[in-house]
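Just so you know, the sequences run in chain order A and B. The numbering of the first sequence is the working numbering, which starts it at 83 and goes up by one. The numbering of the second sequence is the working numbering, which starts it at 83 and goes up by one.
Take these hints with a grain of salt, some might be off.
Identical copies carry no separate label here, and so any pair may be met within one copy or between two of them.
Derived lysine to any residue pairs resembling SDA-like cross-links, with alpha carbons at most 25 Å apart [stated by the list, open to error]:
1. Lys-230 to Pro-115
2. Lys-350 to Thr-154
3. Lys-230 to Arg-156
4. Lys-230 to Thr-154
5. Lys-303 to Thr-121
6. Lys-189 to Lys-230
7. Lys-230 to Ile-215
8. Lys-257 to Glu-198
9. Lys-257 to Tyr-219
These are computed hints drawn from the structure, not numbers from a lab.
There are 2 protein chains.
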Amino acid sequence: MDSPAVAATTDFQAWSREVAAHVEGALAELLPPARNAPTRLHDAMRYSTLGGGKRVRAMLVFAAGEITGASTDRLRVAASSVEMVHAYSLIHDDLPCMDDDVLRRGKPTCHVEFDEATALLAGDALQSLAFQILAEYRLAPNAEAQLKMLQLFAAACGSRGMAGGQAIDLEAVGKSLTLTELEFMHILKTGALIRASVLMGAHCGTALGQSELDRLDRYAKCVGLAFQVIDDVLDEEADSVTLGKTAGKDKAAAKPTYTSLMGLPAAKRLAQELLSDALEAVAPFGGRARRLTEIADFIVHRGR
Amino acid sequence: MDSPAVAATTDFQAWSREVAAHVEGALAELLPPARNAPTRLHDAMRYSTLGGGKRVRAMLVFAAGEITGASTDRLRVAASSVEMVHAYSLIHDDLPCMDDDVLRRGKPTCHVEFDEATALLAGDALQSLAFQILAEYRLAPNAEAQLKMLQLFAAACGSRGMAGGQAIDLEAVGKSLTLTELEFMHILKTGALIRASVLMGAHCGTALGQSELDRLDRYAKCVGLAFQVIDDVLDEEADSVTLGKTAGKDKAAAKPTYTSLMGLPAAKRLAQELLSDALEAVAPFGGRARRLTEIADFIVHRGR
Chain A
83 MDSPAVAATT DFQAWSREVA AHVEGALAEL LPPARNAPTR LHDAMRYSTL
133 GGGKRVRAML VFAAGEITGA STDRLRVAAS SVEMVHAYSL IHDDLPCMDD
183 DVLRRGKPTC HVEFDEATAL LAGDALQSLA FQILAEYRLA PNAEAQLKML
233 QLFAAACGSR GMAGGQAIDL EAVGKSLTLT ELEFMHILKT GALIRASVLM
283 GAHCGTALGQ SELDRLDRYA KCVGLAFQVI DDVLDEEADS VTLGKTAGKD
333 KAAAKPTYTS LMGLPAAKRL AQELLSDALE AVAPFGGRAR RLTEIADFIV
383 HRGR
Chain B
83 MDSPAVAATT DFQAWSREVA AHVEGALAEL LPPARNAPTR LHDAMRYSTL
133 GGGKRVRAML VFAAGEITGA STDRLRVAAS SVEMVHAYSL IHDDLPCMDD
183 DVLRRGKPTC HVEFDEATAL LAGDALQSLA FQILAEYRLA PNAEAQLKML
233 QLFAAACGSR GMAGGQAIDL EAVGKSLTLT ELEFMHILKT GALIRASVLM
283 GAHCGTALGQ SELDRLDRYA KCVGLAFQVI DDVLDEEADS VTLGKTAGKD
333 KAAAKPTYTS LMGLPAAKRL AQELLSDALE AVAPFGGRAR RLTEIADFIV
383 HRGR
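One chain only, chain A, in its complex shape:
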């Protein structure tokens, strides 16, 4: 018989596969069919959104939804909009004028598989579609709350969120950043969308009080940073074969990372501290925070 720890892991893996299947199904429905004109654009949108990735953001939407008893129907739409924006950000991030990556999740990047202009427009159209479905499907208890959700999401995508973080990341190439500056960049670049995932998932269910929302926010901030710290750790340790994307790029481009600023052991300790903070933040939710707890643990202890 499995030990309890193994059983828990197995159960979490089953749950995350279930979430991935929900989101895959929802995305396949919500994305325009590739046979509809403009076919090449729709093909590129589907190519870059379907069938890949760890779906960490979708898992966070579903896990936060467990705190507020949100329905699967709502969570799959909210998770799809987050995954669409994530996919668009990767497409644009991989373009020659940005990181110039040719591999993503072991497949050619969108502009390599299609062309640069199609990749640019596929990203643009995925962003529009994310907002379109958030306006179309009722997710929050009322229209007023849904507008708040949309506002929160749009802010997380924009110049004071994800797009802003990417801009700071670009400016940082070849420069030395302090840890505080590095943290500010990551809070925007990856943290904003992770935070939005958690809050949107929670907003799909019964309304929470401000102190509970603050707890979720603290959890999301810690998990978002831990995610990036571990990414840097894995980048330092990994090679192209296991990584499925061009490894060592950050180092080659002289991008500041947690490992380059603190060294590998200290970066690993920081990830552990962030994990503890994240778990502490959601501990008062008890059993309802089980999935959030498991995801935080998964993020910090994952390989590629």
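Following the hints, put chain B in place on chain A, whose structure we already have.
Only chain B this time, still in chain A's reference frame:
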């Protein structure tokens, strides 16, 4: 004393200057200050959105708002969101992987003034900001109606709207299109946002019945197409000096245009027919449609 015709023109010019000033003021407020981090990104967003263009889409928002008695406070926010999306589409359209233009409104294009990556992200962030302000400011009579407005706007931006039209435009380079195919492209590429401008302006006031909305829709469709036909006519006639953007590009890139498909005289006649249709569609609104009528007339009879 001015003749009535001259007085009307003067009055329309005064009105359009007033609308432009409203929108300029609103955009200056709604765009993040250039001194806020990330400064280069915010600078690029403001550079490409403020101080330029004919503001035709903003005029359409305000003119349609006169049909439903919408307040200026609401119209300036709706018009700003449309102008932000228009500015983002121009930034991306001018990129080297798209039209590769170096001049826009007589100024260096965004990627020339800044750099490609910043231009890409400025466009991305402008799209997010447009949705953010539409979710933040109350424009429609209730939250439910506002979500509908958002949905309509997002659809106009996406793969079955503006971004889709740009994709079809790209695929058309070097190909021969039929007039029907050319029309389909323009209905998406420029028509979708023009239609959204008219409907959003109207939605900022008292609710209209379906037959009235259909009239506005027909008006918008005709005006959007007329706009493009006249653009092709002016492109054929103009040269770089008066145009303020690189002239003859469409011809050089062998892009199909109305003038290349029908010839100059037939294209001019088509524009007149579209104008008549547009005016007929809004005639039942009487005096409330005065500005819509004037804009249609302005679009068809403008120079550069």
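Tested hints:
Only between protomers do Lys-230 and Pro-115 lie at most 25 Å apart by alpha-carbon distance; the minimum there is 23 Å, versus 30 Å within a single protomer. With identical chains, the CA atoms of Lys-350 and Thr-154 are never at most 25 Å apart, being 35 Å at best within one copy and 55 Å at best between copies. Taking CA atoms no more than 25 Å apart as the test, Lys-230 paired with Arg-156 passes in both settings, with 16 Å inside one copy and 18 Å between copies. Taking identical chains as interchangeable, the C-alpha atoms of Lys-230 and Thr-154 lie at most 25 Å apart whether they share a chain (20 Å) or sit on different chains (23 Å).
Proximity of Lys-303 to Thr-121 under the C-alpha cut-off of 25 Å is restricted to the inter-copy arrangement: shortest distance 23 Å between copies versus 39 Å within a copy. For the identical chains of this complex, Lys-189 and Lys-230 are neighbours neither inside a copy (37 Å) nor across copies (38 Å), given an alpha-carbon limit of 25 Å. Taking the shortest alpha-carbon separations for Lys-230 and Ile-215, both the intra-copy value of 15 Å and the inter-copy value of 11 Å come in at or below 25 Å. Taking CA atoms no more than 25 Å apart as the test, Lys-257 paired with Glu-198 passes between copies only; the shortest distance there is 19 Å, against 28 Å inside one copy.
Proximity of Lys-257 and Tyr-219 under a CA criterion of 25 Å is satisfied in neither setting, with 44 Å inside one chain copy and 39 Å between copies.
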